[in-house]
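Peer 1: Chain by chain, the residues run as shown.
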Amino acid sequence: MIDYTQFQKPQRYIGNEYNVVKKSHTDKVTICLCYPDLYEIGMSNLGLRILYGVFNQFNDVVCERVFMPGADYAKYIYDNNKKLSSLETKVSLDKFQILGFNFNYVLNFVNFLHILNLSKIPLKAKDRPTTIVLGGGIDNPQPLAKFVDVFFLGEFEDTAPIFINILKQYKDKESRLKALVQIEGFYVPKFYIESFSNNTYKLEKTYEYAQLPVKRVYIKDLNSSFYPTKWLTPHTQIIHDRIPIEIARGCPNQCAFCQARVTYWPYRQRSISTIENIVKESYRHSGYENFSFLSLSASDYTQIEELIDQTLDFFQSHTIGLSLPSLRVDDILGPLYKKLANLKKPSLTVAIEAANDSLRNTLNKKIDINSLFESIKVMKSLNLKHIKTYFMFGFPQETEDDLIAIGNFLRKVNQESCVALNVSINTFIPKPFSLWENVGMQPESVLLKKRSVIFKNLKNNRNLKVTMSYLKKSILEGIICRADSKFSSVIHRVFTKETSFSNYDDDSFLNLWYESMEEEGIDYRFYLDAKTNNFPWSFIQRTKDDVSYL
Amino acid sequence: MNIQKYPIKIKFYKKGEMIYFSQLDIFHVLERALRRTDLSIYVTKGFNPHVKISFSNGLKLGVEGEIEATLYFDQETSYETLKQKLSAQLPEGFDIIP
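Going down the list, the protein sequences come from chains A and B.
The numbering of the first sequence is the working numbering, which starts it at 1 and goes up by one.
The numbering of the second sequence is the working numbering, which starts it at 1 and goes up by one.
Calculated from the structure, these hints are not laboratory results.
Check each hint, because a few of them may be wrong.
Some chain A residues near chain B, calculated using beta-carbon distances under 10 Å [to be verified]: (1) Gln11; (2) Gly15; (3) Phe58; (4) Asp241; (5) Ile320.
Heads up, the beta-carbon is just placed ideally off N, CA and C, and yes, glycines get one too.
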């Protein structure tokens, strides 16, 4: 056995969590869920846990996990000519039939190639005779189309039985892919050709049974859908060290910049009784000391008051911490206020996005600023940990006044309350499928100027903590999420320059991307300036919700 | 209100895969294992209530050996009940020494 003490955080590579599933591989469909980031980040992902549970429910399926190793462990694998192996049974990845990757963050795309390379698996889909790489959690799959065999678009829970049946019925890769491409939600890039002429992207199918347009899949009912109550409990700390209970999926609001609204469309709620059940079951199975209610917008949950009322006793009597992600201003002013005071120090999150009413209306973000200030007065007595607010800048409609207003707003909040105020100011990125996907991202020079206007008007205050997004990183995120299949050569080039796991906040790593784009002769402004309503991802059918809005 | 706490001393042996877990990790392993049992654990009554466990020694990461801990309960609990209920919840490589 390897002596793991030579690596940083050896806990990452052990795989002996409480409730871990270990099965024999003989005569089974073998799936390894791969997360292209470190253990403590990947283990905080709810989707990974849902899929792990869903797959392992089948007796004839083995589902295991692997995470991107740290730089030291990766070097050890290369130096000793070893292969990356799964956490559960320590079987190398090339022995699995299916490798399922989560692609929810674009700067992790390089890590995905590293995981394949560390397992001595060919990077390009066409070079792999047996292994099937399945990708999910992605909105625009085109930049990865050359590397991934099959993408799944949408929510997988209900499709899992069909998927497993196909894998049991067909044994070779080609016939498996041919069967999958006929099922709603699966996109197999090799059965399509992407072309670009006259400023228009066109996708044509080369296999007659392939679906076009490709449709996203969503589950109809959250109450009957699987929840991983047999919670994989790590023996070490992870980033979000709590059990998130998803109380609703989707968001009923229609903020113009929001991508998650479409990704998780439509808005569905879990009933209070189901939630109660999930809370009790997952506590019984894990003994976790922290829980949180998870939703894109918790305060839109229609019975949020009853929910808290009915679950609070359980949390308090077992001394379990509960955190609520985001609260509506009315909740603070209303009857919830007293109950919240009983919780372990709550924190309040308000996504304001724009300080001026007019710009906020343009963004379609509905928040009443006057009652917000009223609630801040109430909050003084609430023993809050902190208030968190979000702002966004870089909208084309924005005036200098809108930018200055951010600083004024923060000063006013600081004056009214003495609670710590954490502010994060992000750059607007026109993400695929958001209502403003066709708006275009502003040039770096303009963004820089706007950023400095905001900065100049921020005054030092010991209760104020501001984080601003790094422009170079935001622009890069914009490029990759909007790119087409040509961009895969850039991803590959970055992969060859960086030998193992890299910190995506690292300037030198970001520079590698810009360098590689230049070497590949790719003008990235092309992806960022959207002049038409036709995009690399236009072959994916839009949701009904979008159509009615536009 | 003065709730009495009932301490029980208990020894564990850390070996195998568990040697890669630090002393801080072991605290959480024990706390969660205790929470999974139906034993009435003592929770501190202060401003920030939490489960109380005291260790008499710590082990370096990567080292096999004994750890002695004191666990606290709200009610009189026998060592035998504790041992039987807790050992069912402990991960492999972290066992109660009889």
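Peer 1: Confirm or reject each hint.
Peer 2: Verification of the supplied hints:
Because the closest C-beta pair between glutamine 11 of chain A and chain B is about 6 Å apart, less than 10 Å, the hint holds. Hint status for glycine 15 of chain A relative to chain B: holds, with the closest Cβ pair at about 8 Å, below 10 Å. About 25 Å separates the beta-carbon of phenylalanine 58 of chain A from the nearest beta-carbon of chain B, more than 10 Å, and the hint is not met. Using the Cβ-Cβ criterion of 10 Å, the hint placing aspartate 241 of chain A at the interface with chain B is satisfied: the shortest such distance is roughly 9 Å.
At a threshold of 10 Å, the smallest CB-CB gap from isoleucine 320 of chain A to chain B is about 9 Å, leaving the interface hint in force.
Hint 3 from the list above is the single one not met by this structure.
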